[in-house]
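**Student:** Here is what each chain is made of, one letter per residue.
There are 2 protein chains.
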Amino acid sequence: MTMEIALGIDIGGTNTKFGMVNRAGEILEKGSLPTGKHETVEEFINALSNIIHPLIQKFSDHQFCGIGIGAPNGNYYTGTIEDALNLKWKGSIPLARILTEKLNIPCTITNDANAAAVGEMKYGAAKNMKDFIMITLGTGVGSGIVCDGKLIYGHDGFAGELGHTIVKPGGRKHWSTDSEGSLEAYASATGIAITAKKMRAEFPDSLLNQYPETEINSKTVYDCALKKDAVAIEVFRYTGQKLGEAFANFVMFSSPEAILLFGGVIKAGDFLLGPAKFHMERNLLPSSRGKINLILSELPEADAAILGASALVWEEDFC
Amino acid sequence: MTMEIALGIDIGGTNTKFGMVNRAGEILEKGSLPTGKHETVEEFINALSNIIHPLIQKFSDHQFCGIGIGAPNGNYYTGTIEDALNLKWKGSIPLARILTEKLNIPCTITNDANAAAVGEMKYGAAKNMKDFIMITLGTGVGSGIVCDGKLIYGHDGFAGELGHTIVKPGGRKHWSTDSEGSLEAYASATGIAITAKKMRAEFPDSLLNQYPETEINSKTVYDCALKKDAVAIEVFRYTGQKLGEAFANFVMFSSPEAILLFGGVIKAGDFLLGPAKFHMERNLLPSSRGKINLILSELPEADAAILGASALVWEEDFC
Chain L
1 MTMEIALGID IGGTNTKFGM VNRAGEILEK GSLPTGKHET VEEFINALSN
51 IIHPLIQKFS DHQFCGIGIG APNGNYYTGT IEDALNLKWK GSIPLARILT
101 EKLNIPCTIT NDANAAAVGE MKYGAAKNMK DFIMITLGTG VGSGIVCDGK
151 LIYGHDGFAG ELGHTIVKPG GRKHWSTDSE GSLEAYASAT GIAITAKKMR
201 AEFPDSLLNQ YPETEINSKT VYDCALKKDA VAIEVFRYTG QKLGEAFANF
251 VMFSSPEAIL LFGGVIKAGD FLLGPAKFHM ERNLLPSSRG KINLILSELP
301 EADAAILGAS ALVWEEDFC
Chain G
1 MTMEIALGID IGGTNTKFGM VNRAGEILEK GSLPTGKHET VEEFINALSN
51 IIHPLIQKFS DHQFCGIGIG APNGNYYTGT IEDALNLKWK GSIPLARILT
101 EKLNIPCTIT NDANAAAVGE MKYGAAKNMK DFIMITLGTG VGSGIVCDGK
151 LIYGHDGFAG ELGHTIVKPG GRKHWSTDSE GSLEAYASAT GIAITAKKMR
201 AEFPDSLLNQ YPETEINSKT VYDCALKKDA VAIEVFRYTG QKLGEAFANF
251 VMFSSPEAIL LFGGVIKAGD FLLGPAKFHM ERNLLPSSRG KINLILSELP
301 EADAAILGAS ALVWEEDFC
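Chains as they are written, first to last, in the numbering used here: chain L, 1 to 319; chain G, 1 to 319.
Keep in mind that a hint or two might mislead.
As the list claims (entries may be wrong) - Here are the in silico distance ranges between beta carbons for each label pair: (1) D61/L <-> L285/G: 43 to 51 Å; (2) K227/L <-> T78/G: 45 to 53 Å; (3) L28/G <-> F278/L: 23 to 31 Å; (4) Y77/L <-> D61/G: 42 to 50 Å.
The set of hints was computed from the structure by calculation and includes no laboratory data. Just so you know, these numbers come straight off a predicted model, no measurement behind them. Cβ atoms here follow ideal geometry from the backbone N, Cα and C, with glycine treated the same way.
Pulled out of the complex, with its shape left as it was, chain L reads as follows (with noise of 0.2 Å):
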């Protein structure tokens, strides 16, 4: 029997990666093309195909599967990437039907969240559980809902806007949906250190003012936290606390087995997932307390977009 293979793809706002995944989760090949510097989309998806062309000749003596994609606003019913902030090209553009069409092969798109959530299904952390949530936790807040074995779509294709939910009403202002008190305007590494340049404003001798206003980020408080500054605990502290009241309100919504974290910010560790832990309990329903996990992905990070995105071809009837 020949090996089954899917090419999963990840579009970033800078670079699209790429790789042929089999079912196992192994890469057998990957590889990248810039985003950003094409104009049109046109001109991309022309660039995607003359690498995806050959690579799945390469691969010939495979079972070619499928491609599947995450890119920021993939919608799955509709194929189309939708408006998305992070990339240049506007509007709906169905990139699934035009792949699908010049190079003759089913293709299934999401958004990154959401095929990190079946990456982890397939492969990794969630491999034996039906109802999990992903929540990913980089430069914004995203998240993936599985419910009995299933991602959560919804009736247009956008379920699982976790990182957009209010957790703070009236609290500080999104950057760009202009949201008042959003967890992503709190727990994304964004969020993050805004929270910190304001602590160590009010804080003088915390260790935090000794980086210049670019170099405040997660890892820069992560580091002033491993020497103890206080102020730098109270920024992973009052995070994590915003993160744990949020847990609290997805779990009474889907009651998943675990919260799968996921990102640059969980880098932080106990400085933030401690009180998260503590803040979801607090607020959970005394019947609720004690059962909910709070996991780490297991998916190497560098390499966690493309199994994602490969993933999603496992869950289609394609092979």
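Dock chain G against chain L, hints included.
**Tutor:** Below, chain G alone, put in the same frame as chain L:
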């Protein structure tokens, strides 16, 4: 072909209502028995069986498909009622199994708000919807979440506890869960009465002050609002704001086509729903604005619980 029928049973703290219902949602016969006066659950189940048995005999020329039960803390997976606050029998009660064994009839159970959601999907306002959220606004706030045509149960059967989501961190303490700032603490009939009592104390001129403490409820607040009492109107506006903010968060979770409302509190009409709609829209992502319908239940209030319970049977493969 004989007509398929199901028995719907709604177990409340005071009374248990039941009805024999066909697939079209017509109630062929209904009745009730007291719940609370039975000291033990065994006594209650005996009394219930003694009514059900002859009822099924009576409809022996129909095809009887099974029993659906809506009960506080009813658990779909285990068929149990788990420590329901408003029932006097504590612990885990394996009601579905006992009834199935006693009567040799398939029986399914879930909580009352989930049953209401299925009722709307089979017979009511959600007939053609695959993604919606049911919110019941009564003494408490309940919810049932339907995604892709299926109720969300979560890993333990207790998904959809949206009344307990925190809408104001550190806010009003809940009278039984001790949580701070839950939706139920504000938007239930109980919560509205608390808000009204607080607000009328600040405004001696309010018509609300013409009622004794015990008569302050959503009905009397509504009566005062109709008479243009500014405080009464503000009670509903404030409640509506909390509801609308919560709805926006719910939408970011499962991106439903509609939020369906049911229960005594919705009689407040636009005094409540106008502000709820406004604050939901205000807190939605721009891409979701104007797309989510707030709809009122289409089931007659007196029968909705029986209808919802009976509809659970059509969700199963009992017939």
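**Student:** Evaluate each hint against the coordinates.
**Tutor:** We went through each hint and held it up to the structure:
1. D61/L <-> L285/G: 43 to 51 Å: holds, 46 Å
2. K227/L <-> T78/G: 45 to 53 Å: holds, 50 Å
3. L28/G <-> F278/L: 23 to 31 Å: Cβ of L28/G to Cβ of F278/L: about 54 Å, so the range 23 to 31 Å is violated.
4. Y77/L <-> D61/G: 42 to 50 Å: holds, 46 Å
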